[in-house]
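Q: So you can see what is in the structure, the chains are spelled out below.
2 protein chains.
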Amino acid sequence: MAQAAQAAIGNSEFDRDTAVVLREPGVYDALLSPGWTILHAVNGGYLLGLLGRALGDALPHSDPFTLSAHFVSASTPGPAVIRTQTVRTGGTLSTGQASLCQTDADGREVERIRVLATYGDLDGLTGDIRTSAIPPALPPREQCVGPADAPGLDLSRTWAILGRLDIRLDPATVGWALGAPSGKGEVRGWFSLADGRDPDPLSVLATVDFFPPTSFDLGLPGWTPTVELTAHIRCRPAPGPLRVAISTRNLAGGFLEEDAEVWDSADRLVAQSRQLAKAPR
Amino acid sequence: MAQAAQAAIGNSEFDRDTAVVLREPGVYDALLSPGWTILHAVNGGYLLGLLGRALGDALPHSDPFTLSAHFVSASTPGPAVIRTQTVRTGGTLSTGQASLCQTDADGREVERIRVLATYGDLDGLTGDIRTSAIPPALPPREQCVGPADAPGLDLSRTWAILGRLDIRLDPATVGWALGAPSGKGEVRGWFSLADGRDPDPLSVLATVDFFPPTSFDLGLPGWTPTVELTAHIRCRPAPGPLRVAISTRNLAGGFLEEDAEVWDSADRLVAQSRQLAKAPR
Chain A
154 MAQAAQAAIG NSEFDRDTAV VLREPGVYDA LLSPGWTILH AVNGGYLLGL LGRALGDALP
214 HSDPFTLSAH FVSASTPGPA VIRTQTVRTG GTLSTGQASL CQTDADGREV ERIRVLATYG
274 DLDGLTGDIR TSAIPPALPP REQCVGPADA PGLDLSRTWA ILGRLDIRLD PATVGWALGA
334 PSGKGEVRGW FSLADGRDPD PLSVLATVDF FPPTSFDLGL PGWTPTVELT AHIRCRPAPG
394 PLRVAISTRN LAGGFLEEDA EVWDSADRLV AQSRQLAKAP R
Chain B
154 MAQAAQAAIG NSEFDRDTAV VLREPGVYDA LLSPGWTILH AVNGGYLLGL LGRALGDALP
214 HSDPFTLSAH FVSASTPGPA VIRTQTVRTG GTLSTGQASL CQTDADGREV ERIRVLATYG
274 DLDGLTGDIR TSAIPPALPP REQCVGPADA PGLDLSRTWA ILGRLDIRLD PATVGWALGA
334 PSGKGEVRGW FSLADGRDPD PLSVLATVDF FPPTSFDLGL PGWTPTVELT AHIRCRPAPG
394 PLRVAISTRN LAGGFLEEDA EVWDSADRLV AQSRQLAKAP R
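Line by line, the protein sequences are chains A and B. In terms of our numbering, the first sequence opens at residue 154 and continues consecutively. In terms of our numbering, the second sequence opens at residue 154 and continues consecutively.
Hints were generated in silico from the structure; no laboratory data involved. One thing to keep in mind: the hints can contain errors.
[Claimed, not checked] With the C-beta cut set under 7 Å, the calculated list includes, among others, these residues of chain A facing chain B:
#1 R176
#2 V180
#3 D182
#4 T190
#5 S221
#6 V225
#7 A227
#8 T229
#9 Q238
#10 R241
#11 L269
#12 S285
#13 L291
#14 H385
#15 R387
#16 G406
[Said to hold, decoys possible] Derived list of chain B stretches under chain A, where covered just means 3 residues or more per stretch with a C-beta under 8 Å from a C-beta of chain A:
#17 215-222
#18 293-301
#19 323-334
#20 347-357
#21 377-383
#22 396-408
#23 427-434
[To be verified] Derived SDA-like pairs: lysine to any residue, alpha-carbon spacing no greater than 20 Å straight-line:
#24 K431/A with G336/A
#25 K337/A with G280/B
#26 K337/A with P288/B
#27 K337/B with A286/A
#28 K431/A with D274/B
#29 K431/B with G280/A
#30 K431/A with K431/B
#31 K337/A with P365/A
#32 K337/A with S215/B
For every residue, glycine included, the Cβ atom is placed at its ideal position computed from N, Cα and C.
Given the sequences, and given the hints that come with them, work out the whole structure.
A: Following this line, the structure appears as structure tokens:
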């Protein structure tokens, strides 16, 4: 993807579209952008970015360490209000709650997502690293494939979000796009925001839900609405492209879990997430 | 462990100690039993059992599908109140919130844990099973080891919970008890409640936090307080012993994740959980 001047953290599509405006203490106005939709659905990762930004403002700590979201109804582009509550503040960690609500056609306020989150200071983390986790083995970025490499699949008109994401998938995990899913339930690839903005904890929180669902690789095209998603942000990401690996081990009873790992350019595990989603029918 | 007549679901230590009494709509009184403590700390899994029971009563659906808990202060044995709120009710899923609170020495109500959970009907689940997950490879139960096999480590006086759990660990993952942790961050074994009560969704919810922490196997004895724990219950467990595997891949910056899988006697993956905990200092 040809890039003009690289956007900066604080001055990018993601930052503008996840801006929140303080209405009164703990309450924020937001505008859900149509730019982060798939068909008519607002992407869950983008919504986490909005909620995460509001909580980072409302709590005394600014970095999400762990955020759990339960998705209770489908969001639509347009105005929204985020109501936060401080559950507990401490020296190193603070816990808060937030609800994102929209007004329906009858003028009633309808809740879309409720989250609980614990925030801290990622720059304050020190101590041992004992890790057996290793970054996903990916071909070089130039050998990975994006939507522009599949001209027969022109999704850009219906998947507005694709204009904002620079996803390059490992060719070993894109068989589903050619009618030959691997059945393994794995999708992995390189990730940057399309305008070149470097990752920060909020964009990483969103990134865990930006990739095509593993159900595609299981041979199940269709919608996989998220019921619950929890993400842990383990360190502040280094500048540069991220590597993302998502996997599903158990689809059963009409539900599947989807685990995501996000690695930064310094080979550190930046985020781990798991969601429970409804399997396509 | 010699067992007398087997306790039944609904009439067992776990059921009696997780009983909740409706005080007014959505509000439940509970008594945190000293029987589920490690030193002076009340076990997190036991607390999830209490909160899960209250939400199962308050919501129109009775089975926890996914429950996310943020632990905000340390619980103590004694009275507690659980305040629930219904976030959304639907045909197949309902979402609720609950807070467990206790009164401190100054007479103030202090919140211990807040949870968000989505409930449904596990008996209503149908559809494909596509799973690459396999049960942990464990030696037969008779070849696994419990606290009674380590008489030098008499924990039963300080770890009251051990009297309620029948844990038999794979000898390959108990080196830490003999001063030789493997460093892999893995603990696995057989599990039953000590009184022989069969598992149900609530006891499985508790079971995800009943095992010794993986940090022991990483060579880090000491306390690993849970910051957040999310569990997904994927099916109703079959009667009989469970197999539990817990693992940590990344300890960094003073925190570690701990993943648990619970398998039933029918070789089905009953629960998946992940917690973020503080690493021992």
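Q: Each hint needs a verdict: does it hold in this structure or not?
A: Going through the hints against the structure:
For R176/A, the interface hint is violated, since its Cβ never comes within 7 Å of a Cβ in chain B; the closest pair sits about 22 Å apart. Against a cut-off of 7 Å between C-beta atoms, the interface hint on V180/A is violated, since the closest Cβ of chain B lies about 18 Å away. Nearest Cβ of chain B to the Cβ of D182/A: about 21 Å, over the 7 Å cut. The hint is violated. Hint status for T190/A relative to chain B: violated, with the closest Cβ pair at about 22 Å, above 7 Å.
For S221/A, the shortest C-beta to C-beta distance to chain B is roughly 3 Å, which falls under 7 Å, so the interface hint holds. Interface restraint check for V225/A: the shortest CB-CB distance to chain B comes to about 4 Å, inside 7 Å, so the restraint holds. With its C-beta approaching chain B no nearer than about 12 Å, A227/A sits outside the 7 Å limit, and its interface hint is violated. Taking 7 Å as the C-beta contact cut-off toward chain B, the hint placing T229/A at the interface is violated, the least distance being around 16 Å.
Here the hint on Q238/A is broken, as its CB sits about 10 Å from the closest CB of chain B, past 7 Å. Among the interface hints, the one on R241/A holds; its C-beta lies about 4 Å from the nearest C-beta in chain B, closer than the 7 Å criterion. This hint holds: L269/A has a C-beta 5 Å from the nearest C-beta of chain B, less than the 7 Å allowed. Restraint check, S285/A versus chain B: the minimum CB separation of about 5 Å is within 7 Å; hint holds.
With its C-beta approaching chain B no nearer than about 18 Å, L291/A sits outside the 7 Å limit, and its interface hint is violated. Because the smallest distance between the Cβ of H385/A and any Cβ of chain B comes to about 5 Å, under 7 Å, the interface hint for this residue holds. Given hint, R387/A at the interface with chain B, holds; its Cβ is 6 Å from that chain's nearest Cβ, closer than 7 Å. Among the interface hints, the one on G406/A holds; its C-beta lies about 3 Å from the nearest C-beta in chain B, closer than the 7 Å criterion.
Counting residues of the stretch 215-222 of chain B whose beta carbon lies closer than 8 Å to any beta carbon of chain A gives 3, which reaches the threshold of three, so the coverage claim holds. Coverage of the stretch 293-301 of chain B by chain A is violated. Counting CB-CB distances below 8 Å, 0 residues qualify, and the rule asks for three or more. Residues of the stretch 323-334 of chain B with a Cβ under 8 Å from some Cβ of chain A number 0, which does not satisfy the need for three, so the listed coverage is violated. Requiring three or more residues with a Cβ within less than 8 Å of a Cβ of chain A, the coverage given for the stretch 347-357 of chain B is violated, as only 0 such residues are present.
Using a Cβ-Cβ cut-off of 8 Å, 3 residues of the stretch 377-383 of chain B lie near chain A, which meets the minimum of three, so the contact claim holds. Counting residues of the stretch 396-408 of chain B whose beta carbon lies closer than 8 Å to any beta carbon of chain A gives 7, which reaches the threshold of three, so the coverage claim holds. Evaluation of the coverage hint for the stretch 427-434 of chain B: fulfilled, as 3 residues show C-beta separations to chain A shorter than 8 Å, against a requirement of three. The hinted pair formed by K431/A and G336/A meets the criterion: a straight-line CA distance of about 18 Å does not exceed 20 Å.
Restraint check for K337/A and G280/B: the C-alpha separation of about 18 Å stays at or below 20 Å, so the hint holds. Only pairs whose Cα atoms come within 20 Å are accepted, and K337/A paired with P288/B is accepted, the gap being roughly 17 Å. Between the alpha carbons of K337/B and A286/A the distance comes to roughly 11 Å, so the proposed pair stays at or under 20 Å and holds. About 14 Å separates the Cα atoms of K431/A and D274/B, which keeps this hinted pair within 20 Å; it holds.
In summary, the hint linking K431/B to G280/A is supported, as the alpha carbons are separated by about 11 Å, within the 20 Å threshold. This hinted pair does not check out: K431/A and K431/B have alpha carbons roughly 32 Å apart, beyond 20 Å. For the suggested pair K337/A and P365/A, the alpha carbons sit about 14 Å apart, so the restraint of at most 20 Å is met. Our distance criterion of 20 Å between C-alpha atoms is broken by K337/A and S215/B, whose separation comes to about 33 Å.
When held up to the earlier numbered hints, the structure conflicts with 1, 2, 3, 4, 7, 8, 9, 13, 18, 19, 20, 30 and 32 and fits the remainder.
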